[in-house]
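Colleague: Chain by chain, the residues:
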Amino acid sequence: MSAREIAGRTALYAVLAAVTVLVCFPLIWAFFTSMKPKEEIFLWPPTLWPETWTLENYRALLEGRDAYFQAGAASGTAVPPSAFFLDWFVNSLIVTTGTTVISTAVSTLAAYSLTRFRFPGQRAVPYLALVGYMVPSIIFVFPMFLVMVEFRLTDTLLSLILGYVCITLPFCMWLMWAFFRGVPIEIEEAALVDGASRLRVFWEIVLPTAWPGIVAAAIFTLIVSWNDYLFGRVFMNSMENLPLTVGVMHFFDGTHVDWGLMMASSVLMTVPMALLFMLLQRHLVAGFGAGAVKG
Amino acid sequence: MDVRLERLSKSFGANPVLKSLDLTFPERRFVTLLGPSGCGKTTLLRLIAGLERASEGAIWFGDRRVDHLAPGERNIAMVFQSYALYPTMDVAANIGYGLRVRGIPRAERGEKVGAVARVLEIAHLLARKPRALSGGQRQRVALGRAMVRKPDIFLMDEPLSNLDAKLRATMRGELKRFHLDLETTSIYVTHDQLEAMTMSDLIAVMDQGVVQQYGTPEEVYDRPANLFVAGFIGSPPMNFAEVEVASDAGAPVLRLAGRTIPVPPQFDLAAAPRRLTLGIRPQDVRIAAPGDAGAIPGTVWMTELIGSERLIEVEIAPRLRITAEVKSEVRAALNAPAAVAFETTKLHLFDPATGLALRRRA
Amino acid sequence: MRLRLSDRQVGILFMLPLLVTAAAFIVWPVAEAIRLAFYRYNPLRPDDLIWVGLDNFERILDDPLFWDSFRQALVWTGWSILFQTVLGVGLALLLHTALPGIAIFRGLLLFPYIVPTVVIALNWRWIFNSEIGIVNHALLRLGVISDNIAWLSTPDMAMASAILLNVWKYTPFVIICVLARLQTIPTELYDAAKVDGAGAVRRFLDITLPMLKEVLVVVIVFRTIWTFNKFEEIYLLTRGGPGTSTFNLAVYAFEEGMANLRLGVAAATGVIMIALLLAGTIVYVRVSGFGREEKPA
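Chain order of the listed sequences is A, B and C.
In this text, residue positions in the first sequence follow this note's numbering: the first is 1, and each later residue adds one.
In this text, residue positions in the second sequence follow this note's numbering: the first is 1, and each later residue adds one.
In this text, residue positions in the third sequence follow this note's numbering: the first is 1, and each later residue adds one.
Take every hint as true, because none was put in to throw you off.
Using C-beta positions, here's what the derived DEER-type ranges look like: (1) A:E5 x C:F204: 10 to 20 angstroms; (2) C:L209 x B:A123: 49 to 59 angstroms; (3) A:R123 x C:L209: 29 to 39 angstroms; (4) A:L207 x B:Q81: 17 to 27 angstroms; (5) A:I6 x B:S161: 49 to 59 angstroms.
Covered stretches of chain A, as calculated for chain C (at least 3 residues, CB under 8 angstroms): (6) 125-136; (7) 159-172; (8) 188-202; (9) 241-253; (10) 262-274.
Bear in mind the hints are in silico, worked out from the structure with no lab data behind them.
Where is the CB? At the ideal position from N, CA and C, for every residue including glycine.
All chains, full assembly: derive it from the sequences and hints.
Modeller: What follows is the structure, encoded as structure tokens:
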């Protein structure tokens, strides 16, 4: 390697490292803040590295409502929002899982059907899905709320699941459609010749091959439903039924803002996404590459 | 079991692909559907397999009408152009899938798969996934999948087209051998006339959704039924030239480029039209000295050496060139005068209006 | 007896869930959204559904706040897209190099895309806090500023912070799309250019850029449509404030519906947004040629 190449590489690494630090800094800073006791958080000038490490903020979030009452809080006093954190976390998990299962299942079945059988008007479906994908949730949210009122579903987790299914389905539909269009049909025909029924072919041949597409659709759905704020804000009102995103904004309700608690919940909300990201990074890139920039 | 097609038609929308076909594939024969791409040969195979529904007509396997049956109910096996191996299953599962679907118990399945794998010499690959196999190995797995089931009919859709030239030559022999061992009726689709010639008992030459000629390789080669078959079969392709029927001292002769050619004995031109299309294969053309009687003079336009043979193209009239395939020892200088002479008994004559070959004397 | 369905039955069976879901939760709400735009409706008095014709639209078009929101949405969209595209392409090119360890950088730089907006908004409010925020502290220490900047409580700075948040979160999307395209450019093209004597700059201008053109147009159109309609990125950071200085159409619609309980006006705003969106979609279909090379199914 020549001296020039080494210099070039070093410069490249330096630029990348600088950008990466800048990009990651808000998250790192959130983590440090969450590990500091209250007094240190308000120190000026701020300490970069926590002088005292504490898990106090996390304990306050994760001990739940029962612990709050057992600690001797008189009934009738307002329960602080942080006591609901665990409920919110569980709500978000349920809603995210439910949405992902329904959205991917519905879109996989329909996309397979659309690419393998003939229907009147089937060529319009991907176009409609694309348009649906671009319609912002703010347009859906109020009429959808009225539909939920009609079905008597407001303030239930099911209403959130259905809402997220509706905003994720168009893109999942499009992704799976593009995916199945690229899967060679000969493999299925070979199985038909081998004597398998259409359902069996779908279950034993198609699904295992479609796995990368399904994973991409599932990741998209997971991200949307874990991250959404708007639907939760409009559909839900009981404290214990909120999803995480709506719940933590209640930390701003009082006059005094507890930044340590806030940053700890930031970290806890990011962890599931970070795990998912580490596990499935390759699929994410492949899926969005295929989906977002047409097949 | 023989396969019979009765007035079989297929169209995609308003686009007819097969036009009222009547064809019988005799039992245990190896029949090739040969034709250029788009001629309908693959569609015909897919109709026989049940992967497409016919628009009209009937398909019979023996005395059983099958065109309403699903592919899995027809007891056929099929090898696809891409082999269509199941990517998520290993080789053993790929070969055994048809048995598993039919509810054959695991032990019996393993035995049969093992036996087939030994015959095909892929026993050491049983635990591999298809993507870890070479082209030839994939081909064998696809064959194994067909073999293990003991099908009534064996269908192949251009199974050699993804292999390199050398492997293709070996696999041709193996496939033919495989057909004989399997003792089934085989139907083979290809656009490669060499494959059709070397492997088939019968060839159905197809074009534009119609069977142009159905016969043994010898029949199709020696007595093409029309201009399409004559031009499609044979390499290098047959020479064609327009000729006039004239009369020389009361006996009919053919006039080509100002010369006369005696009428081949196999044809009776009494009822023939005045203008005909003459066809002669390059192998049946000789290079003669420019002054030879009966030869047609011209100039050498191009020569190509193709191994032990040499192709010499002679221009005998403006833009009318005749190719001769001769021994490589025959030399010809570019632009030098040369003459071509035809093997009269190997001449073909066609009616240019209908494209059909003239009738031969019995 | 084994269940054996015909292809037609399987096809219909597989379509049913989509048709039911789409009818109940997509088609119905959209129809409802359009219908509501012509009514006066307050969710607290659900029996009062009064047909008002085009009143809602007139009211919106007469509302100076609507036009402010529209202008601010253009500012917000324009700057966001500009920075995202430039940074996205630049970083994608850096990340496309085959250096050891590049995968780690790739992963870290794509990560913001999946961080929940709420989390970013919380973090932003913390680091841009005017009294104890780390950003002001750092800038003071470096001598860039002499007084604390009120990042989120002056109109211009609030807009700038919101744009920065958007750029931070969505530049990875551009990187992903551009990287995917870069990986499909055959290396032979570069070899050919080298043989022809083209230097690194020429190779970028003559090969890379033209090959990226198509994907960039698509990405820009997509991101423009989405950014223009973004709600959470702005609302969670500034609630549209200070005052109404960071309102865009989505925040406007939300406030009309949620705070003022004028669902009819919110729906009419939505209809206007859909009209703008359709215009954008037509542009997209034109430039990308979507579906043109599609084979018959």
